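Participant: One letter stands for each residue in the lines below.
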Amino acid sequence: MATVEELKLRVRELENELIKCKQKRCAEKDAGGSQKHYRQRIEKMSAEVVDSNPYSRLMALKRMGIVEDYERIRSFSVAVVGVGGVGSVTAEMLTRCGIGKLILFDYDKVELANMNRLFFQPHQAGLSKVEAAEHTLRSINPDVSFETHNYNITTMDNFTHFMDRISHGGLQEGKPVDLVLSCVDNFEARMAINTACNELGQIWMESGVSENAVSGHIQLIIPGETACFACAPPLVVAANIDEKTLKRDGVCAASLPTTMGVVAGILVQNVLKYLLGFGSVSHYLGYNAMQDFFPTMSMKANPQCDDHYCRKQQEEYKRKEAERPKQEVVVVEEAQVVHEDNEWGIELVSEVTEEELQAASGPKPDLPEGITVAYTIPEKVNAPAGEMVEETEQSLEELMSQMKRM
Amino acid sequence: MADEATRKAVSEIPLLKTNSGPRDKELWVQRLREEYLALIKYVENNKSADNDWFRLESNKEGTRWFGKCWYIHDLLKYEFDMEFDIPVTYPATAPEVAIPELDGKTAKMYRGGKICLTDHFKPLWARNVPKFGLAHLMALGLGPWLAVEIPDLIAKGLIQHKEQQNNS
Ligand SMILES: [Zn+2]
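Protein chains in written order, with the numbering used here: chain A, 1 to 406; chain B, 1 to 168.
Take the hints with a grain of salt, since some may be wrong.
[As the list claims (entries may be wrong)] BS3-like, lysine-lysine: derived pairs with alpha carbons at most 27 Å apart:
| # | chain 1 | residue 1 | chain 2 | residue 2 |
| --- | --- | --- | --- | --- |
| 1 | B | 68 | A | 318 |
| 2 | A | 312 | B | 25 |
| 3 | B | 105 | A | 312 |
| 4 | B | 156 | A | 404 |
| 5 | A | 8 | B | 105 |
[Claimed, not checked] Covered by chain A, according to a simulated footprint, are these stretches of chain B (three or more residues, beta-carbon under 8 Å):
| # | stretch |
| --- | --- |
| 6 | 13–24 |
| 7 | 29–38 |
| 8 | 51–60 |
| 9 | 70–80 |
[Said to hold, decoys possible] Far from chain B, by Cβ distances over 10 Å, these chain A residues were calculated:
| # | residue |
| --- | --- |
| 10 | 20 |
| 11 | 68 |
| 12 | 121 |
| 13 | 230 |
| 14 | 278 |
| 15 | 289 |
| 16 | 302 |
| 17 | 319 |
| 18 | 386 |
| 19 | 390 |
If you're looking for bench data, these hints aren't it; they were derived computationally from the structure. Please read all numbers here as calculations on a predicted model, not as lab measurements. Ideal Cβ positions, reconstructed from N, Cα and C, are used throughout, including at glycine.
Isolated chain A, as found in the complex:
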């Protein structure tokens, strides 16, 4: 029997079909029914400079000695989770670069309220973001293969499917994807991606734009090696705004196409460097739009991370490192001073007094100037303040019906 969720999804699909049909009819009226703007697929990337070759300027990177083997771009599969302000632009850049395969995940639909951001167009309002994106991207570059999933990855059923596509959605079906890109806008989804990638040992990149729209960051996460998303409280780029002047009342989040475009740009740049092996790949790169400051840093995985798969991956990494023949010493960037005072003005708790605030704060990791944590967590709290639930003999079913009768 179909569940309400399944029926909702079906309605959604049919709505999408209808919108597409309407659009197609409009387009036919405009263009006299021709498909002349769509180019044919190109079997092999060529460096030949002719006006019909979309890859000539990319292949020039090879001639100039920047990239050794640009054609390898076609052998990679990248999953983009979240096709909003950052994810859609990220997907477009990768499409134009000629990536082999893109897997897009998003449960949202295009709204007119998104038009302050790049990529989507007003006539796509109502379509699911993944479907609208695939449509546009395919017309930009038909050489890329696309796979789209219109669901929320953080719920039970979808998460299992999500894990399966990460581990089997490679260019060659059955192989894992080469990279996962997190372009989501919330903590829950980031943690879900983190959980999946720690379990699968999947390398991924995190990206984010702050809710005040004037800072952002990207981060490379190699499970077991570099800090995962659960290794420390969320890292944020200090915007250096006086908290007292920052008015949060009345709105959730602001957004700017500029900041999102910059973050998508530094994200895809890092992806290209990582996949094609040129330049140095950033472990963490922040963007402070107020001061035009780009702090960078590198952070090792935390042996006390709450995610046990992260700790397991760390063991695995240590084992591999020990087995590896010794190479020349890698110079590690020196960690900079810790800010003892709260100069970035993070103030976070619901505690009322100064002592309570002190008690609720935890150690701050060693971070370079311009990067901080969204909050700190105290080391083990002694006795929990308050009583714990009392054990009863009642079964879950009994408790459920007791709650229902209230």
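Chain B with the ligand: place on chain A using the hints.
Facilitator: Below, chain B with the ligand alone, put in the same frame as chain A:
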């Protein structure tokens, strides 16, 4: 920053012991029992304090929750349906509570009618994993949100009182 009344209400909600999410089989059932025990206690507390303001129930797996919450303003009861899914990363991350019928009426909401919690909520939740459960989410998240947003929405004429809700 939570007010005194909220702090008191929260301190009377029993804390949870089992650090387990929906992907764990047996331990999740144990966690769910604790969730229900804490919720029942919280609703009882609210009733005896003459401040009964929500009901919640879940599917049998405890992964999808739905219910009603209400707010009394000028002696009139305004009632709303609420819903949320338990994320796979629960209890490390709190669920996002949604009131779909208010979607688009206030800027203090994300897409789909998910309420926008204060900056204080996330650190507070993170510091109290796994002791905080859904009852705490109601008390520290949804409760304060309704208290701020509903009077504002009424004042702006964006929500009207439904006649049948009159007998509160
Ligand atoms: Zn970790």
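Participant: Taking the hints in turn, state whether each one holds.
Facilitator: The hints, checked one at a time:
About 51 Å separates the Cα atoms of residue 68 of chain B and residue 318 of chain A, which puts this hinted pair outside 27 Å; it is violated. A C-alpha spacing of about 21 Å is found between residue 312 of chain A and residue 25 of chain B, which places the hinted pair at or below 27 Å, so the restraint holds. Under the criterion of a C-alpha separation no larger than 27 Å, the hint pairing residue 105 of chain B with residue 312 of chain A is inconsistent with the structure, at around 46 Å. The hinted pair formed by residue 156 of chain B and residue 404 of chain A fails the criterion: a straight-line CA distance of about 34 Å is larger than 27 Å.
Note on residue 8 of chain A and residue 105 of chain B: the hinted pairing holds, with a Cα-Cα distance of about 23 Å set against a maximum of 27 Å. Restraint check on the stretch 13–24 of chain B versus chain A: 7 residues with Cβ-Cβ distances below 8 Å, three needed, restraint holds. Proximity of the stretch 29–38 of chain B to chain A, defined as three or more residues with a beta carbon under 8 Å from a beta carbon of that chain, is established by the 7 residues found. Residues of the stretch 51–60 of chain B lying with their CB closer than 8 Å to a CB of chain A number 5, which satisfies the three-residue condition for coverage.
Here's how the stretch 70–80 of chain B fares: 0 of its residues keep a CB closer than 8 Å to some CB of chain A, so the rule of at least three is not met and the hint is violated. With a least CB separation of 22 Å from chain B, residue 20 of chain A remains clear of the 10 Å interface cut-off, as annotated. Here residue 68 of chain A stays apart from chain B, with its beta-carbon at least about 39 Å from theirs, past the 10 Å limit. For residue 121 of chain A, the requirement that its beta carbon stay farther than 10 Å from each beta carbon of chain B is met, with the minimum near 19 Å.
Non-interface call for residue 230 of chain A relative to chain B: violated, since the shortest CB-CB distance, roughly 7 Å, does not exceed 10 Å. Even its closest Cβ contact with chain B, about 35 Å, leaves residue 278 of chain A beyond 10 Å, as expected for a residue assigned away from the interface. Here residue 289 of chain A stays apart from chain B, with its beta-carbon at least about 20 Å from theirs, past the 10 Å limit. The beta carbon of residue 302 of chain A is kept farther than 10 Å from every beta carbon of chain B, the shortest such distance being approximately 14 Å.
Its beta-carbon lying about 26 Å from the closest one in chain B, residue 319 of chain A satisfies the requirement of being farther than 10 Å from that chain. Not every CB of chain B is more than 10 Å from the CB of residue 386 of chain A (nearest about 5 Å), against its label as outside the interface. Once the 10 Å rule is applied to beta carbons, residue 390 of chain A is inconsistent with being away from chain B; the minimum gap is 7 Å.
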